[in-house]
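The listed protein sequences correspond, in order, to chains C and U. According to the working numbering, the first sequence holds residues 1 to 490 in order. According to the working numbering, the second sequence holds residues 491 to 649 in order.
Accuracy of the hints is not assured; some may be wrong.
To be verified - One side of the interface only, derived from the structure: several residues of chain C facing chain U at Cβ under 7 Å:
#, residue
1, 6
2, 149
3, 151
4, 154
5, 155
6, 158
7, 162
8, 170
9, 176
10, 232
11, 288
12, 342
13, 355
14, 358
15, 455
In case anyone wonders, no lab produced these hints; they're calculated from the structure. Note that the Cβ used here is the ideal one computed from N, Cα and C, for glycine as well.
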Amino acid sequence: MNSMVVLPLVLPLFGAFLLPIIMRASVGVGLWVGPAILLYGCWILGNQWISGTAMPFSLAIGGFAPPMGINLYVDSLALLFALAVQLLGLIFWPFKLDPETARRQALMLLLVAASTGLALSGDLFNLYVFYELVAVATFGLISASSTGSAYAATIRYLILSGIGSVLTLLGIALIYSQTGTLNLAHLAQLAPEQLNNKLGLTAFLSILIGVGVKAELFPVNTWVPEVYATAASRVSAFLAGLVSKLALLIILRLLVLIFHQQEAIQVMLFLGILGVVSGELAAWRAKDMRRMLAFSSIGQLGMIFIALSIPDQAGLLAVLALSFHHLLVKSGLFMLADGWGGAIENLRGAAKRSPLAAIVFILFSLSLIGMPPLPGFWAKFTLITELAAQTSPLYLIGLAVFLLATVIEAAYLFRLAALLYRPVSEEKPIDTIPKPAGVSLVSASLFGVGLLAAALFITPVGELLNHVAGQAANAELYIDTVLAGTGGGR
Amino acid sequence: MTPTIDLELILYITALGLISIGLAGVVLSQHLFRMVLALVIAEAGANLMLVLAGYRWDAVAPILTSLGEHPQMVDPVPQAMVLTAIVIGVGIQALAVSILIRIRQRFGTLDRHEVAAHMDAEIAQIAGTSRDMSQESPLGERPLPPLPGTPAASREGRS
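This is chain C alone, in the form it adopts within the complex (with noise of 0.2 Å):
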């Protein structure tokens, strides 16, 4: 049973790679092939977390025990990124119909693979070799919309994140000269011995610059405004909602497992509070709806990082409520973005023309900003405590400046908001405001109901992120399951 958990990851690439075969045979065929497989994905990982939450396995690929051979690790964190990352899948499937379907079809399921393997791996190579599969998908989605702005920013986002993967490598050849391992595990327990030193936290660095490109941190999401600005609205969506928080999940196993210097999580605190800072600043000035959610998104992202940098439970499970709920935000908020994307003042009375988007919208910025009973309250709630509890002076900084954000933020997203229950002009007819497509508008409405749920079961949902990040933040425990069970789980 726990070895169906491969298959997420493999019948979406070979799906990926089959697709555009079958689509030629029989286009009738072909368009339900990738819904079917991502739907059968969630049920395999649905099963999983039903069955089995309680201990995390690990299961050895290609005959090989864990030491030697690749793994992937399964516990509650990787099962809910990965069940995330087929759902939005299926949410954001790239159904319209043109020449190009069987292409970006062939790439949605590339990406959904690429994605579900850096949710469950567990060897840092292996991780790199997902995390270009990912970068390669993306490109493509983003240059589908063939304008020449869209490949413009597509090989400045290729160009920055070929610095990345040069860092990222860089950062793994130092650690396997050091060690001679890049299984996770097996680093954890050399670690305290051999990268506790100034060559493991060069090690760190590099790779938090690396795969920092993907999570938006501060000084290498300069692509992040140009892509979302070009790129379709669901491709933004799932961008900005999970490939980002994917990344920060290989800092976050990183941090947890290898890394525990000092300096290491100062760096990151401290980008962490420059991406805040520039990010909110820049959506404040933002005049067009895409990039102010491009900006807003670098902010919360920093946000993470900030509460990233406080690796014991408490601080993942910040990290965890408030990627989890930024997931939910900024993804429906780029659904709205889909007819709402130009300049924000030709919205002036849109909520006259579309009143659900508008009620949505005040929703989403209701909970972005943090009111007490939606979710990103508890998620800021969480967060602010921790770092109310901290000594160090940066801590304090970054409490300042996550609670100024908060304003800034706030500043913002209202006055979209009275922008769109201002009166309409005499002489603009309403028929010419902007108004969210239906499907798009029925999949921002979808997110919106999780958000309430997610208020309504405040409780259960807080226990349940706070079993996942118990979980996340056992080292000893990660160790025991890859290196005890050798063969396909217990």
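Since chain C is already given, all that's left is putting chain U on it; use the hints.
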């Protein structure tokens, strides 16, 4: 024994040097194709670093198992990883060049700043806003009005 150690040091310095040259090239180039080439150089450096991570100077290639007198073997894992990394790198470079061709077709230039300007203009046009910010037309008011009695000509004369 000393010359081998020196050789290893030289190789490490070469690897780091290639990475530095590549990164500097990406930052300093004005042409997008040169940026891609610089990236290729940096990747070569990272790959060399990875090969060095597992290399042993007193050992044989890991396929020569029949040589009984040489039980020491070079660590094959980094070499396998470097092969993977090279393949990934080549794929991404091919993709980059194909995108460069498209950009050249759309914008007629591959100069970094011109492409960025075209891109910003197009994004702003699609969104229906004014250009967000550029060096030619900075946003906002002048913080101070120009001083009276210093016409533009005299300032140029001074500088």
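Q. Given residue 6 of chain C was flagged as interface, is its beta-carbon under 7 Å from a beta-carbon of chain U?
A. Hint on residue 6 of chain C: violated, closest Cβ of chain U at ~20 Å, above 7 Å.
(Q) Given a cut of 7 Å on the nearest C-beta pair, is the interface hint for residue 288 of chain C held or broken against chain U? (A) Check passed: Cβ of residue 288 of chain C comes within 4 Å of chain U, closer than 7 Å.
(Q) For the restraint on residue 149 of chain C, tell me whether the closest CB of chain U is nearer than 7 Å. (A) 4 Å, holds
Q. Does the CB of residue 358 of chain C sit less than 7 Å away from some CB of chain U?
A. 20 Å, violated
Q | Per-residue hint verdict: residue 455 of chain C, partner chain U, C-beta under 7 Å | A | Hint violated; residue 455 of chain C Cβ to chain U Cβ min 33 Å, cut 7 Å.
Q) Given residue 170 of chain C as an interface hint, is the shortest Cβ-Cβ distance to chain U below 7 Å? A) Since the shortest Cβ distance to chain U is 5 Å, the answer is holds.
Q. Can residue 232 of chain C be said to touch chain U, with a Cβ gap under 7 Å?
A. Violated. Min distance 12 Å.
Q. Taking the closest Cβ pair, is residue 154 of chain C under 7 Å from chain U?
A. Given a least distance of 6 Å, the restraint on residue 154 of chain C holds.
Q: Have a go at the residue 355 of chain C hint: is there a Cβ in chain U nearer than 7 Å to its own Cβ?
A: 23 Å, violated
Q) Minimum Cβ distance from residue 155 of chain C to chain U below 7 Å? A) 5 Å, holds
Q: Using 7 Å as the Cβ threshold, decide whether residue 158 of chain C counts as touching chain U.
A: 5 Å, holds
Q | Hint validity - residue 342 of chain C Cβ closer than 7 Å to any chain U Cβ | A | Where the cut-off is 7 Å and the nearest Cβ of chain U is about 5 Å from residue 342 of chain C, the hint holds.
This entry does not satisfy hints 1, 10, 13, 14, 15, going by the numbered hints stated previously.
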